[in-house]
Amino acid sequence: MKFKTFAAFVGPSLVMMLVFIAFPLVSVFMQSFYVTQPVFEQVEIESCTPGFPNPTCVTEVKSQPVIGDDGKMISETRFSGLESYRNVLELDRVKAAIGNGSWSELMNIDFWKALRFTLTFTLLTLPLVLVVGLGIALAVNNAVKSLRGPVIFISLLPFIITPVIGGLSIRWLFIGDGILTAAMEWWTGTNISMFAQAWTIEAMMMFYRVWHVAPFAFVIFYAGLQTVNQDTLESAIIDGANRWERLRFVIVPHLMPLIVFIALIHLMDCYRVFEEIVAFSSQSHVISLQWLTYDFLTPDDAGNRAISRASATAMLTMVGIVILLIYPLKRTWRDHKGSH
Amino acid sequence: MNFKTLILAGAVSVAATGGYASCAYENKTPISMLAAGFEAWKAVADAMGECGNFNAELDQEFRTKQPAAFAATPALYQIGGVSNGTITPLLNEGTIRPLDDLVEKYGQHLSPNQLIRIDGKVMAIAMMVNTQNLQYRRDILEELQIPVPQTWDEVLEAAAKIQEAGAVDYPLGATMKSGWNLALDFINMFYGYGGALVDDDNMPTVNTEAGVKALETMQAMTEFMDPEYLVSDSTYVQQQFQQSKIAMANLWASRAGASDDEAESQVVGLVNSTAAPRTLEGGAPATTIWWDGAVIAKNITDEEAEAAFQLIVEGMDTEMVTANNEAAIWLIPGYEPTRLAEGAIETLQAQPPAASYPSTSAMGLMHTAAGNNVSRFLTGSADAETTLKAIEDDYLVSAKEAGLISN
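Those protein sequences? They're chains A and B, same order as listed. Numbered per full-length UniProt numbering, the first sequence spans residues 1 to 340. Numbered per full-length UniProt numbering, the second sequence spans residues 1 to 407.
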């Protein structure tokens, strides 16, 4: 391809990437090193609020931002270096916790609590998604032709549902005496509370994520299965390979690049787990890194937002994804080089 | 039909239903309002709408939208619905205007209780108060011959008896959903034990005896509650009442009416209310007092502000209160307290009085820090001291970042 044609094709997307991804990223990166805060002054203020029968007035010292001549709050931005990162990572508390050999103490620090869940969630759902996706693909591939259409349609449904809505429907099935909890209670004869402890919530989240993402793996694998060399398969049968051996030595090696591809996408997606936390309102038991960023960005009733710490967690989340992706990326790169 | 015609048709139909019937005048200036979406605001917004040229956005997400919408020039809404918690960012950023001259011109008949004064200036017109109070099943307490509890110790004793008798699934309900709700329950209890969250220099003073006792009382409550209490918000507790699953709860007064709603409730007429329980003999009820009311944006013309104020006065008049008497504990003249409002009124009249929820920046940070940490104690992953220390640490980090305390 001529360079000019190449540039014409790639140019627009490159510009978009710069404007919408690279620049914001740089800006977040910068913000994580700075703190912007209003200038406060201490004033004694009398305020009156309703009381019965007469209003109650109290005089108290209050901190309030200084309003400038233009009617806006005066704020100042200062370079804070790694302070926001220190505030997020809380390394002193980590050291103390490790010194005491106390896991529960470590899990009381938001960032590490979030990292623990995010990693467990990502690494446990990955093999499940691959196995379930491949399972459905094999089943569909072996199904009678007339059944394939409807089966594909049904297995794709979870993927179409908006994540938060899907999460909420699982929540409603299990919360309180939801249909499924009631059914399990009837089945086991004991009182079950799915939202009362962390591990059941985590299990539901993982179940939901696998249910939601497996169709994506299925579609990719199904496409891959269509390209399996039938001659190789037949010769394997002649050599006396059973079903399992054919899967193990012919099909899986053929699908390997796709498995790596799905693993890549899944790692990236899962490390940013967020919808589940919101849909299950699980903040008391389980939080994720992405949720931490969101929590810092959400203004409280008084309008305070922790933008610097939000930027720091966002950067740390990105670093985490990069570390996770190193292995699969290296593998793809090796395969890529090998094929030339 | 194009888009414009559709809007016109909509406007005409709204105007037709309103018909300016019960409004004393016709409003000529277009005015819009952003407020929370509960029953009382709907009533007020409908009454304002009768004057025409009025558009209300009732949205539970108002608290995140309001600061930005009011900081715009011109402001996106002329009227804002706030409470003592959510007025803080508007006050801090100076985006709402003092109303003294407007009160003098149009609001002579407003009750003094409605005028929210900050630093001597009227900054908001309150319409109702809200507080938590003890709602209980009269029939169950009578049957088991339990006197109506007035302190948390008595509540816990009563709960134990009810549990023993097996009258309901869980004797107690509470709004302990992690985050904002849980934090407020902790703050209420903490104030009940006479604690102060921060000192004059904004330094935290949570890790005290009051803090430990507040946490312990909350934990004692959880023994009698649905184990899924960390997801239970006001609506959840209200439904537990309606479905006869709980016997007592210290719940928002604004939720009391729901137990008499014949369409939803199985316990119509059986729920009574009394003052929020105290924690200390002769102390204040363990709750905070909230008001809801209207503010007017600064970045609008004086004509708009005048029209907006007239609408507020018209929307919050006696006529509206008589038509919606049960929607809230109104501060507006003409309000007749109902059976279910007794608890709230007793709470408000209690001596010494319960604290009003403070409108300060420090309070917002403290509320968040408490909301993120209290559950650790309740789930048993940390002891009381560690939890309180974690609240203080979280608060210190965010207060430094917000500039409230110097490094």
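Hints may contain errors.
To be verified - Simulated crosslink set (DSBU-like; lysine-lysine; CA at most 35 Å straight-line):
#1 213/B with 72/A
#2 337/A with 4/A
#3 400/B with 65/B
#4 121/B with 389/B
#5 72/A with 28/B
#6 113/A with 337/A
#7 213/B with 42/B
#8 113/A with 65/B
#9 72/A with 105/B
#10 42/B with 72/A
#11 42/B with 105/B
#12 42/B with 400/B
#13 95/A with 105/B
#14 245/B with 72/A
#15 330/A with 4/A
#16 389/B with 298/B
#17 389/B with 400/B
#18 95/A with 389/B
#19 95/A with 161/B
#20 42/B with 65/B
#21 121/B with 113/A
#22 113/A with 389/B
#23 400/B with 213/B
#24 2/A with 337/A
#25 95/A with 298/B
#26 121/B with 161/B
#27 72/A with 161/B
#28 28/B with 161/B
#29 113/A with 42/B
#30 337/A with 95/A
#31 298/B with 400/B
Quick caveat, the hints were computed from the structure, so don't treat them as lab data. Computed from a predicted model, the values in this text were never measured in an experiment.
Against the structure, the hints come out as follows:
Pair hint residue 213/B plus residue 72/A does not hold up; C-alpha atoms about 42 Å apart against a cutoff of 35 Å. Using a Cα cut-off of 35 Å, the hinted pair residue 337/A and residue 4/A holds, with the two alpha carbons roughly 27 Å apart. For the suggested pair residue 400/B and residue 65/B, the alpha carbons sit about 25 Å apart, so the restraint of at most 35 Å is met. A C-alpha spacing of about 38 Å is found between residue 121/B and residue 389/B, which places the hinted pair above 35 Å, so the restraint is violated.
Pair hint residue 72/A plus residue 28/B holds up; C-alpha atoms about 31 Å apart against a cutoff of 35 Å. Pair hint residue 113/A plus residue 337/A does not hold up; C-alpha atoms about 39 Å apart against a cutoff of 35 Å. Distance hint between residue 213/B and residue 42/B is unfulfilled; the C-alpha atoms sit about 39 Å from each other, more than 35 Å. Restraint check for residue 113/A and residue 65/B: the C-alpha separation of about 30 Å stays at or below 35 Å, so the hint holds.
Distance restraint check for residue 72/A and residue 105/B: the Cα-Cα separation of roughly 28 Å lies within the 35 Å cut-off, and the hinted pair is therefore satisfied. Only pairs whose Cα atoms come within 35 Å are accepted, and residue 42/B paired with residue 72/A is accepted, the gap being roughly 32 Å. Proximity of residue 42/B to residue 105/B is assessed by CA-CA distance (about 26 Å); at most 35 Å being required, the pair is judged to hold. Proposed proximity of residue 42/B and residue 400/B is contradicted: the alpha carbons are some 39 Å apart, above 35 Å.
The hinted pair formed by residue 95/A and residue 105/B fails the criterion: a straight-line CA distance of about 64 Å is larger than 35 Å. About 51 Å separates the Cα atoms of residue 245/B and residue 72/A, which puts this hinted pair outside 35 Å; it is violated. Taking the CA atoms of residue 330/A and residue 4/A, the gap is about 31 Å. The hint holds against a cut of 35 Å. Taking the CA atoms of residue 389/B and residue 298/B, the gap is about 40 Å. The hint is violated against a cut of 35 Å.
Of the supplied pair hints, the one linking residue 389/B and residue 400/B holds, its CA atoms being roughly 16 Å apart against a limit of 35 Å. Pair hint residue 95/A plus residue 389/B holds up; C-alpha atoms about 17 Å apart against a cutoff of 35 Å. Restraint check: the Cα-Cα separation between residue 95/A and residue 161/B comes to about 47 Å, which exceeds 35 Å; the hinted pair is violated. Distance check on the hinted pair: residue 42/B and residue 65/B sit about 19 Å apart at the alpha-carbon level, within 35 Å; holds.
Proposed proximity of residue 121/B and residue 113/A is contradicted: the alpha carbons are some 46 Å apart, above 35 Å. At most 35 Å may separate the alpha-carbon atoms for a hinted pair to count; residue 113/A and residue 389/B meet this at roughly 17 Å. Taking the CA atoms of residue 400/B and residue 213/B, the gap is near 28 Å; set against the 35 Å cutoff, the hint holds. Straight-line distance between C-alpha atoms of residue 2/A and residue 337/A comes to about 24 Å, which keeps the hinted pair within the 35 Å bound.
Note on residue 95/A and residue 298/B: the hinted pairing is violated, with a Cα-Cα distance of about 50 Å set against a maximum of 35 Å. Pair hint residue 121/B plus residue 161/B does not hold up; C-alpha atoms about 51 Å apart against a cutoff of 35 Å. About 58 Å separates the Cα atoms of residue 72/A and residue 161/B, which puts this hinted pair outside 35 Å; it is violated. This hinted pair does not check out: residue 28/B and residue 161/B have alpha carbons roughly 62 Å apart, beyond 35 Å.
For the proposed pair residue 113/A and residue 42/B, the alpha carbon gap of about 42 Å is over 35 Å, so the pair is violated. Between residue 337/A and residue 95/A the alpha-carbon distance is near 43 Å, which puts this suggested pair outside the 35 Å criterion. Using a Cα cut-off of 35 Å, the hinted pair residue 298/B and residue 400/B holds, with the two alpha carbons roughly 29 Å apart.
Checked against the numbered hints given earlier, this structure breaks hints 1, 4, 6, 7, 12, 13, 14, 16, 19, 21, 25, 26, 27, 28, 29, 30; the rest are met.
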